[in-house]
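Listed below are the residues making up each chain.
Number of protein chains: 10
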Amino acid sequence: MLFLVRMDVHIPHEMPAERAAEIKAREKAYAQALQHDGRWRHLWRVVGEYANYSVFDVAGNDELHELLSQLPLFPCMTLQVTPLAQHPSAIA
Amino acid sequence: MLFLVRMDVHIPHEMPAERAAEIKAREKAYAQALQHDGRWRHLWRVVGEYANYSVFDVAGNDELHELLSQLPLFPCMTLQVTPLAQHPSAIA
Amino acid sequence: MLFLVRMDVHIPHEMPAERAAEIKAREKAYAQALQHDGRWRHLWRVVGEYANYSVFDVAGNDELHELLSQLPLFPCMTLQVTPLAQHPSAIA
Amino acid sequence: MLFLVRMDVHIPHEMPAERAAEIKAREKAYAQALQHDGRWRHLWRVVGEYANYSVFDVAGNDELHELLSQLPLFPCMTLQVTPLAQHPSAIA
Amino acid sequence: MLFLVRMDVHIPHEMPAERAAEIKAREKAYAQALQHDGRWRHLWRVVGEYANYSVFDVAGNDELHELLSQLPLFPCMTLQVTPLAQHPSAIA
Amino acid sequence: MLFLVRMDVHIPHEMPAERAAEIKAREKAYAQALQHDGRWRHLWRVVGEYANYSVFDVAGNDELHELLSQLPLFPCMTLQVTPLAQHPSAIA
Amino acid sequence: MLFLVRMDVHIPHEMPAERAAEIKAREKAYAQALQHDGRWRHLWRVVGEYANYSVFDVAGNDELHELLSQLPLFPCMTLQVTPLAQHPSAIA
Amino acid sequence: MLFLVRMDVHIPHEMPAERAAEIKAREKAYAQALQHDGRWRHLWRVVGEYANYSVFDVAGNDELHELLSQLPLFPCMTLQVTPLAQHPSAIA
Amino acid sequence: MLFLVRMDVHIPHEMPAERAAEIKAREKAYAQALQHDGRWRHLWRVVGEYANYSVFDVAGNDELHELLSQLPLFPCMTLQVTPLAQHPSAIA
Amino acid sequence: MLFLVRMDVHIPHEMPAERAAEIKAREKAYAQALQHDGRWRHLWRVVGEYANYSVFDVAGNDELHELLSQLPLFPCMTLQVTPLAQHPSAIA
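So the sequence lines, in the order shown, correspond to chains G, Y, V, X, D, U, C, F, S and P. Heads up: the first sequence runs through residues 1 to 92, numbered per full-length UniProt numbering. Heads up: the second sequence runs through residues 1 to 92, numbered per full-length UniProt numbering. Heads up: the third sequence runs through residues 1 to 92, numbered per full-length UniProt numbering. Heads up: the fourth sequence runs through residues 1 to 92, numbered per full-length UniProt numbering. Heads up: the fifth sequence runs through residues 1 to 92, numbered per full-length UniProt numbering. Heads up: the sixth sequence runs through residues 1 to 92, numbered per full-length UniProt numbering. Heads up: the seventh sequence runs through residues 1 to 92, numbered per full-length UniProt numbering. Heads up: the eighth sequence runs through residues 1 to 92, numbered per full-length UniProt numbering. Heads up: the ninth sequence runs through residues 1 to 92, numbered per full-length UniProt numbering. Heads up: the tenth sequence runs through residues 1 to 92, numbered per full-length UniProt numbering.
No lab work stands behind these hints, which were simulated from the structure alone. Possibly wrong hints are sitting among the right ones.
Said to hold, decoys possible - Using 20 Å as the maximum straight-line C-alpha spacing, the simulated SDA-like pairs for lysine to any residue come out as follows:
| # | chain 1 | residue 1 | chain 2 | residue 2 |
| --- | --- | --- | --- | --- |
| 1 | F | 24 | P | 91 |
| 2 | U | 24 | X | 75 |
| 3 | U | 28 | D | 18 |
| 4 | U | 28 | U | 75 |
| 5 | S | 24 | U | 76 |
| 6 | C | 28 | C | 38 |
| 7 | G | 28 | G | 12 |
| 8 | U | 28 | D | 89 |
| 9 | Y | 24 | G | 91 |
| 10 | S | 24 | C | 90 |
| 11 | F | 24 | Y | 76 |
| 12 | S | 24 | U | 69 |
| 13 | U | 24 | D | 87 |
| 14 | G | 24 | P | 76 |
| 15 | G | 24 | Y | 87 |
| 16 | D | 28 | D | 18 |
| 17 | U | 28 | D | 87 |
| 18 | X | 24 | X | 8 |
| 19 | P | 28 | S | 66 |
| 20 | D | 28 | U | 90 |
| 21 | D | 28 | U | 89 |
Looking at chain G on its own, in the form it has when it is part of the complex (with noise of 0.2 Å):
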């Protein structure tokens, strides 16, 4: 089933540099095995902003909460979580 998730990155500004860019190193990579295995379904830049919009398919809940708790960014964001249903003027 589907989730559209947002997400606000908030990098402290004290973080040491090399810190930063190894977090987001892990993050890409995360995020990229995700999105190979199916369940990342789709993952969009906001524009102006560094946030993301993101759709998962997953089992269930459960299963959502431990691939975004897992996430190697989750202590610098905030996120959104949105349960989506089939609509019924929907043709896929």
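Please build the complex by placing chains Y, V, X, D, U, C, F, S and P on the supplied structure of chain G, with the hints as guidance.
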């Protein structure tokens, strides 16, 4: 280019049922036509609300406004438009 | 899986009293049927408000939307849905 | 009587990891003790957030405040308390 | 136990004046009866608004909801309930 | 005349514990002195929050600001002041 | 003592034009009488809005509420009242 | 001097179509006249909303309020006015 | 022309006390100079808050921004500016 | 196509003055280069705030995000992006 749009529908209580049904039928036909021609890429119901999240793929702002303002339910909707960009970690 | 749902009811002042009473009677019957079959796990009144917090146990997002959108009072309600997951400190 | 409580945890980035781990361990023990004695009736994780929704069953406002203010993570939390009452359509 | 309640009154413009006057008269009688029996401990007008802050002293959540939901103006009010506890610096 | 005041306390995490304890002790003494002289009429804890609702009885706006701005915790507080008037349904 | 008051006017679309004109005429006369007697010290239009910011000089909260609640447009207004005190850097 | 103005239009559902069309025609003529005389410098549609962002160039606050309050759609609009100043990095 | 300005001051806890005192002294001198030359027409304390409401009388937007941005406390303040116009019911 | 962008700058108090000055100098040079090449069409200061409203003219969402995310002050800014379309009453 892509835009995320949230649409919240508020049909006035005093609108006659046949009138509402007629508008909804036109809305559905319009939504399906735009999905078939590829400009309305995704259409998801927000669980528990008379609302949807949609993704549009259009040539630009003017085309998007034209599409949205011609929605049969447009006078009964609140819309929020978020421009999307390519995310550096996206694989697609 | 579990979802917390807050429902705020706003019955229009101009709705005739018998019409409102009839909808509320259907709402009650519907709510009790879903409680008996185990999908509407909890139903609590918010003190001082015409509102409730409920917990639903369903197979997924589509089932939840179907249940909620068939509430007789659905056109007079504002709903907020929060997906819930297992908490690591929960004993149940 | 019952109260719904939402707890949002914000651990400061500068707190040493061992200190945070020690507080969380005490928090978990405290939460489980209160669940065993029946006063912390439900504890659910909010999907995608370092937050929970809980239901407490206590004798009154003073007991609830005493329980909540003794949470080891209390200084790092934002809490919202909603008093609950019996719902006329509830079967339990 | 004590609860702070803010009540904001919004009487619809289309309600006939006599109907409004009749409801307000019943509201006043009800409020004074509850003040005399000690359960409506304080009742203050918010300056410049058709609103009040009140303090109720009741046995619990269910009793408070019963009192509030029977207010003659209840269908025209927005209520906010805040549970209060003993403050460690209070001398009373 | 009466004013309702809500005070939310936010002590910075980096304040040394003894410093915080010393300020809180002065706050308590100050609050109790003002209660004894009759100007701090009510002091209630908000359940689950490091906050209180208070009622002050003062000669006017200037006296109230002087009392509040001398609170030892004033630099760590957010305050909201609501002027109160006699309610036509109040019996006192 | 002084109070800043913001008034936002929302006249219902269905009010007949003559009725609205009559209320506005009484409002103007009332506002000017209070300005002449010195209690309505300032009256400014908010640019682009059917709203004003005003400063009242009254003996206290009860007098202010009495003045405001007798505004002919009171049932069509939203009011926000802010008590003001002497500023230590003010020269007047 | 310049002001940014956002205008959101909310035409009541019960307004007859001819009446709405007549007001909109006058609005358009008025907007074009002010653009031609140079005081309404920019007029942009907000994508997906019955709203615009505009820039006005006027002699001062009084002139701006006079222009805005004479908009034929003024009674159906919510306006937000932001005064603008020369930016030190602007080349014009 | 007139502008209402609300200023909320937030001095960081870590600023040394002498540094804060020196900035406040300069702020006071600056505020009094502008009051004497007639451009800072009113300066009122918001009761219970480290905030003020002020009225400025300046030639236009650029002059106002220049005055405000030179406030010694400007980097520690949040400001809200509301342009004011002549009110048709004002007698002055 | 055009986008309205509001930028609010929040430079951390602990950033050394030279570091801030160096970033601001790069920001100014960057802003002026984009104004000269025509993509940063308007740049206005919001009166009384460390903020601006700007209008960008770009080929699409991706170009806008690239321009904005390369602002030297981007890590210290909050941005809001509003896509604009041709208004039917605009003469240009």
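How the hints compare with the structure:
| no. | hint | in the structure |
| --- | --- | --- |
| 1 | F:24 - P:91 | holds (16 Å) |
| 2 | U:24 - X:75 | holds (15 Å) |
| 3 | U:28 - D:18 | violated (51 Å) |
| 4 | U:28 - U:75 | holds (15 Å) |
| 5 | S:24 - U:76 | holds (19 Å) |
| 6 | C:28 - C:38 | holds (15 Å) |
| 7 | G:28 - G:12 | holds (19 Å) |
| 8 | U:28 - D:89 | holds (6 Å) |
| 9 | Y:24 - G:91 | holds (16 Å) |
| 10 | S:24 - C:90 | holds (14 Å) |
| 11 | F:24 - Y:76 | holds (18 Å) |
| 12 | S:24 - U:69 | holds (16 Å) |
| 13 | U:24 - D:87 | holds (13 Å) |
| 14 | G:24 - P:76 | holds (18 Å) |
| 15 | G:24 - Y:87 | holds (13 Å) |
| 16 | D:28 - D:18 | holds (15 Å) |
| 17 | U:28 - D:87 | holds (10 Å) |
| 18 | X:24 - X:8 | holds (14 Å) |
| 19 | P:28 - S:66 | holds (19 Å) |
| 20 | D:28 - U:90 | holds (9 Å) |
| 21 | D:28 - U:89 | holds (6 Å) |
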